[in-house]
Amino acid sequence: MGSIIKVRDVKTIFDKRVVHDGLNLTINQGEIYGLLGSSGCGKTTLLREMVMLQDFHGGEIEILGNNLSNISFENSQKLKREWGVLFQAGALFSSLTVAQNIALPLIEYSDLSKKMIDEIVKFKINLVGLKTSDGNLYPSQLSGGMKKKSALARSLAMDPKLLFLDEPTSGLDPVSAREFDSLILKLRSLLNLTIVMISHDLRSIYDTLDRLAIIDNKKIAYEGSIDNIDSLKGDFKHIFMKVDDE
Amino acid sequence: MLDKVLYVREEDSNIYLEFSGQFDLYKITRCEKQLDSFVFSSFKKIYIDLTKLSFLDTAGALFINSLQKEYTNVEIEYKNLTKDIVDTLELVKLKKLDIEEVGKNSDNLFVSVGKNVELFLVGFFSFFLFLKEVFLAKLHYLKSFKNIRIKEIIFEINESGIKALGIISITSILIGLVVAYQSAYQLKIYGANIFVVDMLGISMLRELAPLITAIVIAGRSGSAFTAQIGAMKITEELDAMRTMGFDPYAFLVLPRIIALMIVMPMLIFVSDMMGILGGIIVANLDLNISFTLFLDRFSTAVDIKHFYIGLFKGPFFAFLIATIGIYRGLKVKNDTQSIGFNTTRSVVESIFAVIVCDAIFSIIFTNMGI
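In order, the protein sequence lines correspond to chains Z and S. Residue 45 in the working numbering sits at position 45 of the first sequence, and the numbers go up by one each step. Take any residue in the second sequence, count from 1 to its spot, add 246: that is its number in the working numbering.
Careful: at least some of the hints might be erroneous.
Which bits of chain S does chain Z cover? Going by a derived footprint, with three or more residues having C-beta under 8 angstroms, they are [as the list claims (entries may be wrong)]:
(1) 476 to 483
(2) 489 to 499
What follows is a list of derived Cβ distance ranges for each label pair [unchecked claim]:
(3) S:K397 with Z:I226: 47 to 53 angstroms
(4) S:V363 with Z:D159: 26 to 32 angstroms
(5) S:N404 with Z:E223: 52 to 58 angstroms
Lysine-lysine pairs mimicking DSS-like chemistry, simulated, CA-CA at most 25 angstroms apart [unchecked claim]:
(6) S:K397 with Z:K114
(7) S:K579 with Z:K11
(8) Z:K78 with S:K389
(9) S:K384 with S:K577
Just so you know, these hints were derived from the structure itself, not from any lab. All values reported here derive from a predicted model rather than from experimental measurement. Here a beta-carbon is modelled for each residue, glycine too, at the ideal position from N, C-alpha and C.
This is chain Z alone, in the form it adopts within the complex:
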């Protein structure tokens, strides 16, 4: 299993506030990797840097063999088709139906026939556990859980190798949250995905994550599997528990 994402000595500064200073982590092929940390520690910022929504001020991020600091326009366009991103509130395009949302990248990036695209869209809708008829709804007509599922279906539209999830279970009721967890696990084994997720949900942290990183004090305080976390010094565990409280 090779590493898919390498983050080396990343530094981020907002105005005068240093968010990350010398942050390192490695994410391997096929694992579900969690980014944890207390609120405001820069998890989402790190995720946004990985998906090229935000610049960082030092260090290197390498994703699927591309160094993000000096990536060419063509390569960045190619890279963006190889990942899917699930935003916290879904970020479905509000002027399009769910089916149109999922179809959009297929229409833009492929020369598939309309019939084929419809087929793929229906498959993706079923894959995430929605009904085919839900495809005709607009985002404003969906519940929170359905929005997340639709957004997940959209991020899977191009069959990405890499999936970024920003708090996938936040705002869901416990039953839906567990469903979402098992969906993520199922998709990982079905599609051989590598998943990077930010989570505050203790159950999904224990149930889904293979490895995790805790960000604290601008650096990675812990990186490794969840089993070893108990052997950590009390201080880190305390931080971890603080995460769990939320």
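Put chain S on the given structure of chain Z with help from the hints.
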């Protein structure tokens, strides 16, 4: 109503403050007033008696705590207090130690003026940065015909052009009526009725129609651009587009700019027609100038160049309105307030920009002799 909670008693050079009953945040102001009349520094000792207190909330505890802080010679009688009250006092004492005094860094006049000027300049130049992005996206467009998003452009032409026809027609016909009517009144005095055609033709074709159209479109479509794109920014739709490799400039910005630039001259043409129509009606009713006579005079008195100049301004106005509207939309921050703020700014700034642009054109054309 409210029970009296504070009894003040002076003895020798000491003061006794006796709290009783329920001391909570509704009673603090009254206590403060009660204590205002005393000069505390003149007393040797301040005794605070809390023994009769039955309830104390954190606001009350803070009040007592601040008394304690302010004057060093305070002595508190704690006897027989319930555990709740002691806990509240302790909590306040403990947490108050954590509070750091943060001095308000109030700038003096020069610093704040400087900061505002800097902010203005940064905002002004960031508009040019935005224009750079627009032109880069335009270059990318030109690389291949397939990149041009015809469907979106047509959608926008319908949305911000065709659907605005009604309001532009009505506004223009009214302006035509008003201009003709007012000039008719003056012209009648000199018996120069027929000159209403010159007056109306030139002013409408050259200046009024383009300006009216631009103002209506700025209020109607420019503000819509800002609100749409601003809302998309708040819901992270723009971020989602970027991560999917869709350039928002190619998908959202350029189609709107191009659509408006295409449709604006057409709208100005409609506005011309409607304005003249308004003039014809007034000329007919008020000045007894027949329809044929009006058109006859029109073709000799009004040069075609005025018509072309009016249309020529269209794309420029459209570009200003669309870019300012979209730029303001992209400036929206992560809160709902800034949508309103930026929409207002977008309308005000685009109308201002259109008028400035019109003034510049006016000078250029007049100097060129057209």
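> Of the hints stated earlier, which fail here?
Replying inline: Going through the list in order, the structure violates hint 4 alone and respects the others.
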